[in-house]
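Undergrad: Same order as they appear, the protein sequences are chains R and Y.
Heads up: the first sequence is residues 5 to 151, going by my numbering.
Heads up: the second sequence is residues 7 to 568, going by my numbering.
Where hints are given, some of them may not hold.
[Unchecked claim] Pairs of lysine to aspartate or glutamate, EDC-like flavour, derived with a Cα cap of 20 Å:
1. Lys500(Y) with Glu516(Y)
2. Lys420(Y) with Glu449(Y)
3. Lys28(R) with Glu337(Y)
4. Lys500(Y) with Glu437(Y)
5. Lys395(Y) with Asp50(R)
6. Lys28(R) with Glu38(R)
7. Lys529(Y) with Glu499(Y)
8. Lys461(Y) with Glu539(Y)
9. Lys529(Y) with Asp175(Y)
10. Lys405(Y) with Glu108(R)
11. Lys28(R) with Glu344(Y)
12. Lys395(Y) with Glu503(Y)
13. Lys529(Y) with Glu437(Y)
14. Lys395(Y) with Asp105(R)
15. Lys420(Y) with Asp457(Y)
No wet-lab data here; the hints were simulated from the structure.
If you want the building blocks of each chain, they are given just below.
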Amino acid sequence: LNDLKQLLIVLAEDDAGHARLIEKNLRRGGISNEIRHLANGREAVDFLLGEGEHAARPAAGPLLLLLDLNLPELDGCQVLRRIKGDQRTRMIPVVMLTTTDNPEEITRCYQLGCNICVTKPVEHDDFGAAIRTLGMFLSIVQIPEWD
Amino acid sequence: MELLDISRITTRVAAVLSVALALSFPACYFMVSYQFNSVSLAAEAESCARQVSGIISANPYLWRFEQVRLEEILVRRSVSEDPGSRRILDHKGVTVAEKGSDPGWLALTRSQGLLDAGIPAGRIEIRQSLGPLLDRTMLAALLGLVVGYLAFRVVPYREIVRAQKRLQDGHSFLNTVMESSTNAIVVLDLAGGIRMANRRSRELSGYQWQELSGRHYGFLLAGAGRERMAAALAEISGQGARTVSFEAEMVRRDAGQLALSCGIGPFHEDGVLAGFVLCAEDTTVRKRWEQQLQSAAAQLEQSNTEVKSFAYIISHDLRAPLVNIRGFSAELNGAVAELTGLFRGVAEQLEQRDRERIAQLFEQEVPEALDFINSSVLRMDRLVGSVLKLSRLGHRELKVERVPVAEMVAAILKTMSYQIELRNAQVHIGELPVLESDRIALELILGNLLDNAVKYLHPGRPGRLDIFSATDAGGTVIHVRDNGRGIAPEDQEKVFELFRRAGRQDVQGEGMGLAYVKAMVRKLHGQIGCVSEPDCGSTFSFSIPAGSMPTSAHHDKGEHDR
């Protein structure tokens, strides 16, 4: 678990409110890792692949991607496809955040290689529970070394 | 065919008859005339002989010198005026008297012995030329020929007239067919020259018959069509094709173009290919309609896609802010709870009036506001979810399979056995069909109808449900009847609408069930309705038309594909 303290959580979420709620709930769930918030899909890809304005980014340690499905410029599925299609990033665990529980969408995310799908529940208690699940997931998941 | 046979037979009969007439005329004439001549010659000879015998018996030794009297006897007019000779010979064969000229070898000869008291004293000989008779016979032959020819013409005349009339009838029938046809019909000769063009083809092309007659068809067709036509003609004359179909563009007299759908085939004369018959239909309007239909279908497809994406937008984009409202009101709730605690700690230091006001705000007004926000958000979320579900149902791909409805109803009722027992309800299942339909859709329809029937049973009396069906050629109608609280007449249409609920709102529900049911029945190409009497019960009936399910349902992608 000590290793996990080093884990950088990248949150790709265009809705500032959602981002804030997720962050608050993660903190409340005892997650103290650094959270990097990116507001659109292209920026998330640039950051993860070290391209564009993030070209000069120093190699980060292990990271986890929380990816909203509906992002501007590149949507969640496109981002996922890029991440999973690149040798350097395909081992990064990805948690998809969806607004609806549409089974087809969820199936598509799993087909593209996401590790888990979490529906953003409107019910606040459910939301807390979902985030706590995420916390548990974080403590279990094997984070591959970042080279 | 029949016509030809009849005329052939009558022609033969007439020919035989004519020849017989032509031959029998002269033959009969000759025979009759010959007989008559020979008999009259014989009679004449006999009468002469008698007179000469009188002279002989009056003067047995010197009779041969009675030249004048004898010649007088011989000159007496004979029956015939034909040339001939008469002479009297004595018993030694010496000519005693002679009149007339020698008729030559072709003559009819009659002789009669002369007697003198019973002893032959010579003979009288009458010869008559057969020439005139033969001449008349020739005339008779000519007459026979004329009569024979006339017979040949007259005998089959009626048949020929009839055949001709039938031919004319056939022709006029064909003409009527051609002229009244709504398709253009053009007859071409082997070289492609126009031999016939019906009214419709003249209308379509805008040309008069005089302008078309004999011309090569080429000027009527646009480039590609002309080539296809030439290929079709080659196929018929070269490979013996019966009919060839193709599409072509016609160039009208006014240079306008028409789309034609053509069929062309051969016709024969005396068993030999003689030309082609072209039938063409003006498909311009149909083509235009087809295009309009296609564009309408495309528009429908587009608006369908728009509806799908609209449902997605509603469900997704409306839900995103709800997450925030709900999340942050929870945050507010937490903050207020914390503030309340803090306030309790410092409450003593505040004035009485402020303390009461703050306590009221923290403990009543703020929690009340947050409660309203929460319950509204949850309700909104449920509604959005319902719309999304409806949209998903509407676009689900149907899978046709054999569905035994009785088994399905039994399975649904089993899951509801607790509620049914609670309501003290009796369920009667009548005859139910086996349908070729979509299982999930039927399950949803029947499930909702049965659920409603149980849910809205009359609380004051034992419930009774009847599920039964009626099948005819048009399809199947399934009825679900209850003795529940019923629906007021003005509400009976409304119950199928989205979010609409009728009657007292004492039963949990979203008002979506019957909207789903209606959407599903419509998707199965059926109809649904209800007959109800308040306080007596309702019967919901839906129809599943026979053979309405396509074997391959059209594909609808999920609503995420926007």
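Undergrad: Taking each numbered hint in turn, which are not upheld by the structure, reported in ascending numerical order?
TA: 4, 5, 9, 13
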